[in-house]
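Chains as they are written, first to last, in my numbering: chain X, 1 to 221; chain B, 1 to 402.
You may find that some hints are simply not true.
With a Cα cut of at most 30 Å, we get these calculated DSS-like pairs of lysine-lysine [claimed, not checked]:
#1 Lys214/B <-> Lys123/B
#2 Lys85/X <-> Lys393/B
#3 Lys395/B <-> Lys85/X
These aren't lab readings, by the way, just hints derived from the structure by calculation.
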Amino acid sequence: MVVECRNVSRTYDDDTVPVHALQGVDFQLGAGEWVSLAGPSGSGKSTLLHVIGGLDQPTDGSVVVDGVEVTTLTAAELSDLRLNKIGFVFQAYNLIPVLSALENVEFILQLQGVDRAERRSRSQQALQSMGIADLENRRPGEMSGGQQQRVAIARAIVTEPVLLLADEPSANLDTSTTRELLEVLQSLNRERGVTILTATHDPMVMGYTTRQVNLRDGSVV
Amino acid sequence: MPARLLLQLSWRNIWRHRRRNAILLCAIAVAVAGVMLLNTMMRGMQEDMMNTAIGNLTGHAKILEPSYLDDPGIERGFAVDDGWQDDLPNNVLGWASRIRIPAVVMSERETRGIQLVGVDPAKESISFLGDAEVEGERLSGPDDARILVGALLAEALDTATGRRLVLVTQGADGRTREAGFRIAGVYRAEIAGLERAFLFTGLSALQRLLDTDKVTEISIRIDGEDLDTSTIEGLAGRFENLAVVSWRQLERQAAAMVEVSGVSIYILFVIVMGALVFGLVNTLVTAVMERLRELGMLRAIGMRPRAVVAQVVVESSAIMAIGVAAGLALARAVFAFVADGIDLTAFDDSLASFGMRPTFVPVFDIRDAVLIAVLSLALSVLASFYPARRAVKIKPLEALRR
Ligand SMILES: Nc1ncnc2c1ncn2[C@@H]1O[C@H](COP(=O)(O)OP(=O)(O)O)[C@@H](O)[C@H]1O
Ligand SMILES: [Mg+2]
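Produce the complete structure using the sequences and hints provided.
Structure, rendered in structure tokens:
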């Protein structure tokens, strides 16, 4: 199992009324799967993704990623988990504006301390597999939304993470760009065996995934 | 996080906001240049005050009978054995033994109280007398029984080269001596007060008049600011019952001024840089706040909080470093125009009372430049920690949500 969630709850107390974003979620994700979290807005998809990705701490329950219990890790250990085991693709593209496409992808390998030559070739390969090798010198501001999202995916997979997390990856894209993106993810999943967890309420995504998990009011239904 | 990556990111970010950073950089450069230039003035002033104090017959230290300072007179004199100077350290530029006693000088018109100084002219290269301008003749040697009079004193006495003056002073036996002296020449000093105070004659000639073989002081000039303790101890051992007194004690006022101006340089620096740091912090907080999302994302993809702090600190320190370098370069360029000295003759009188010469030469001290650079960088590192901490105090998810 790449991910095992047991009885995971996340309650937000900061407002006057506590919000139960997740309530006793049990969830498993096997290697090579592409699972899509579905459910209406506010059902807890993003929260579950963040908890699994070590960006948020559950109020209760256990989350094991690649054999490691993440709920007890320190901030620095969580940083390393995110750096080495997880690839993130966010709704907004979240690239570093002052770096070119290639540099954005290389950046994460630089954080890992990969040497220059290997960094360069792996990053170029990642861009190539996303079909945007010719854009490597462009900065984010000089690319379309779809192109930026491909750079973001290239950055997420260049480290060969055990798990790729994508939160509403197609939210800002038009239909044909979304289809291209989903095909890219599908080939990553099928041909390279990348384990993927996406969260979306876009019904188009459902046709590409291996399995779908429905959330409603913070619980799996 | 590799240092190269840090520098690269910082450089790109600085360039991204080049207009804002250029303004900040200019502010830093101008402030640093201002502080550095004021510093050259202060150092010049210090040097001038020190040289004046040391050159006006004081030297860096004097050997004398301790009570002479309170009650100068030939009865406080001491004998000098030949050979005392045999193993003086290498940094001693010269020394001169003198008799220096109070006397009254009379012309046909006026009577004045002055300091009568018996010198060996050959040894006085260590004092202002060595390069004073003389109208008429200089003293030929220690046996020359003529006198050198300051121009202002000569004017007050209404006398001139070749005329005679009568001097009254006390001999070694306590009895009064009165004798006529011919004026060999009239000297000019850069500090007007000296011309009124000192009247010179040959040391041996004066000893004969006073019936003594003693002197009242030995003045020592060195290359440096102060005699080292081993030298002082060596001298004190050789002259029992005598004191080795440094110029700082002999010229207390000048020494205090030198000290105060040294401290004021740092006070000025702290005030200017303090104001600057407020501006820097303000800019940094703005820069960090508008990049909060980006910094949150960097952490979301695995950049450690410490690396994020380091990045902000490196970024602001880089701006500071460039600003300081530019500021020091600017100061150096402006300094080149005034390096030969600034003519202050218009303020002559008031400056002279501070012991300063009419033209003064600013001093660009490279150690001060280094100190300013180091302190500025240290300040900017400290200052940037605050905004950097703010950037990582907020959780990456919260930052991303903005
Ligand atoms: N930081 C937060 N503070 C308070 N409530 C939150 C916060 N983040 C999410 N929530 C609440 O948690 C619930 C689940 O949100 P989310 O996981 O974002 O749902 P989804 O991604 O399925 O739209 C929602 O009711 C949302 O308002
Ligand atoms: Mg969501």
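Hint-by-hint comparison with the structure:
With a C-alpha separation of about 17 Å, the suggested pair Lys214/B and Lys123/B falls inside the 30 Å cut-off, and the hint holds. A C-alpha spacing of about 24 Å is found between Lys85/X and Lys393/B, which places the hinted pair at or below 30 Å, so the restraint holds. Proposed proximity of Lys395/B and Lys85/X is supported: the alpha carbons are some 20 Å apart, at most 30 Å.
This entry satisfies every hint, going by the numbered hints stated previously.
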